[in-house]
Amino acid sequence: LAKTTQPISMDSYEGQEVNITCSHNNIATNDYITWYQQFPSQGPRFIIQGYKTKVTNEVASLFIPADRKSSTLSLPRVSLSDTAVYYCLVAQTGANNLFFGTGTRLTVIP
Amino acid sequence: DTGVSQDPRHKITKRGQNVTFRCDPISEHNRLYWYRQTLGQGPEFLTYFQNEAQLEKSRLLSDRFSAERPKGSFSTLEIQRTEQGDSAMYLCASSFRASGEFLYFGPGTRLTVL
Numbered sequence: 001l002a003k004t005t006q007p008i009s010m011d012s013y014e015g016q017e018v019n020i021t022c023s024h025n026n027i028a029t030n031d032y033i034t035w036y037q038q039f040p041s042q043g044p045r046f047i048i049q050g051y052k053t054k055v056t057n058e059v060a061s062l063f064i065p066a067d068r069k070s071s072t073l074s075l076p077r078v079s080l081s082d083t084a085v086y087y088c089l090v091a092q093t094g095a096n097n098l099f100f101g102t103g104t105r106l107t108v109i110p
Numbered sequence: 001d002t003g004v005s006q007d008p009r010h011k012i013t014k015r016g017q018n019v020t021f022r023c024d025p026i027s028e029h030n031r032l033y034w035y036r037q038t039l040g041q042g043p044e045f046l047t048y049f050q051n052e053a054q055l056e057k058s059r060l061l062s063d064r065f066s067a068e069r070p071k072g073s074f075s076t077l078e079i080q081r082t083e084q085g086d087s088a089m090y091l092c093a094s095s096f097r098a099s100g101e102f103l104y105f106g107p108g109t110r111l112t113v114l
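Protein chains in written order, with our numbering: chain Z, 1 to 110; chain A, 1 to 114.
Calculated directly from the structure, the hints in this document are not laboratory data. This structure is a prediction, so every number in the text was calculated from the model and none was measured. Errors might be hidden in some of the hints.
Stated by the list, open to error - Listed next, with one range per pair, are the computed distances between beta-carbon atoms:
| hint | chain 1 | residue 1 | chain 2 | residue 2 | range |
| --- | --- | --- | --- | --- | --- |
| 1 | Z | G15 | A | P70 | 46 to 52 angstroms |
| 2 | A | E78 | Z | I109 | 27 to 33 angstroms |
| 3 | A | T13 | Z | T21 | 39 to 45 angstroms |
| 4 | Z | P7 | A | L114 | 34 to 40 angstroms |
| 5 | A | Q50 | Z | E58 | 26 to 32 angstroms |
| 6 | Z | T93 | A | R81 | 23 to 29 angstroms |
| 7 | Z | E14 | A | P70 | 19 to 25 angstroms |
| 8 | A | Q84 | Z | A66 | 44 to 50 angstroms |
| 9 | A | N18 | Z | S23 | 40 to 46 angstroms |
Each residue gets a CB set at the ideal place from its N, CA and C atoms; glycine is no exception.
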């Protein structure tokens, strides 16, 4: 499993765009990059997944450079309800043993 | 469809007691996972079922832990002779495809061992 490195915590004001970068230097050719969000006392929830370039959905965007050694989760105009822990995962499609790491604790400030 | 459910949501037990947790996956999801999460850490994989077959187990799953999925629907996780180090959130997840995009987690069972 490719190891990931993320900032432990980040603070942002409401309405700002938040970018969380994840490093995964030993990502393999068959690995996908997946981000999850977790609120206190809840299980993680899928946000977005990508392989290369850019992926966008109604919640976030995911930017992946050509070398795929890092990725950036972008949350547009965050609100207080976006306060959560965000996990970056790297794994092959079909992997059952997902490695979550410690994640990034995002705190949105009014 | 109400998602993955887990019961109980909270369990307090004394050291040495046995505990059992139940997970009801989203119906028709043939894949079921158990994870454990301690304070300040991300979830750690424990075990994986495809239908009723337990296909993968983590080294974290010691001999005191046993998981079953007898009819390929709900699953149980039993911990025998609990230890204080077993205190954690136990998360269940299910999916119908082998991709993180389709993995749905339950709310978890928080275990406190006194």
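| message | Quick check: does the Cβ-Cβ distance between E78 of chain A and I109 of chain Z fall within 27 to 33 angstroms? | response | Hint violated: Cβ distance 43 angstroms, outside 27 to 33 angstroms.
| Do G15 of chain Z and P70 of chain A keep their Cβ atoms within the hinted range of 46 to 52 angstroms? | holds, 51 angstroms
| task | Just tell me: holds or violated, for the beta carbon distance of P7 of chain Z and L114 of chain A against 34 to 40 angstroms? | result | holds, 35 angstroms
| query | Within 26 to 32 angstroms or not, the Cβ separation of Q50 of chain A and E58 of chain Z? | reply | holds, 31 angstroms
| Range agreement (Cβ of T21 of chain Z with Cβ of T13 of chain A, hint 39 to 45 angstroms) | holds, 41 angstroms
| Given a hinted range of 23 to 29 angstroms, is it respected by the beta-carbon distance of T93 of chain Z and R81 of chain A? | For T93 of chain Z and R81 of chain A the Cβ distance comes to about 38 angstroms; the hint is violated.
| said: Please check whether E14 of chain Z and P70 of chain A have a Cβ separation lying inside 19 to 25 angstroms. | reply: violated, 48 angstroms
| query | Is 40 to 46 angstroms right for how far apart the beta carbons of N18 of chain A and S23 of chain Z are? | reply | holds, 42 angstroms
| Holds or violated: 44 to 50 angstroms for the Cβ distance of Q84 of chain A and A66 of chain Z? | Between Q84 of chain A and A66 of chain Z, where Cβ atoms are some 48 angstroms apart, the hint holds.
Consistency with the previously given hints fails for numbers 2, 6, 7, ordered from lowest to highest.
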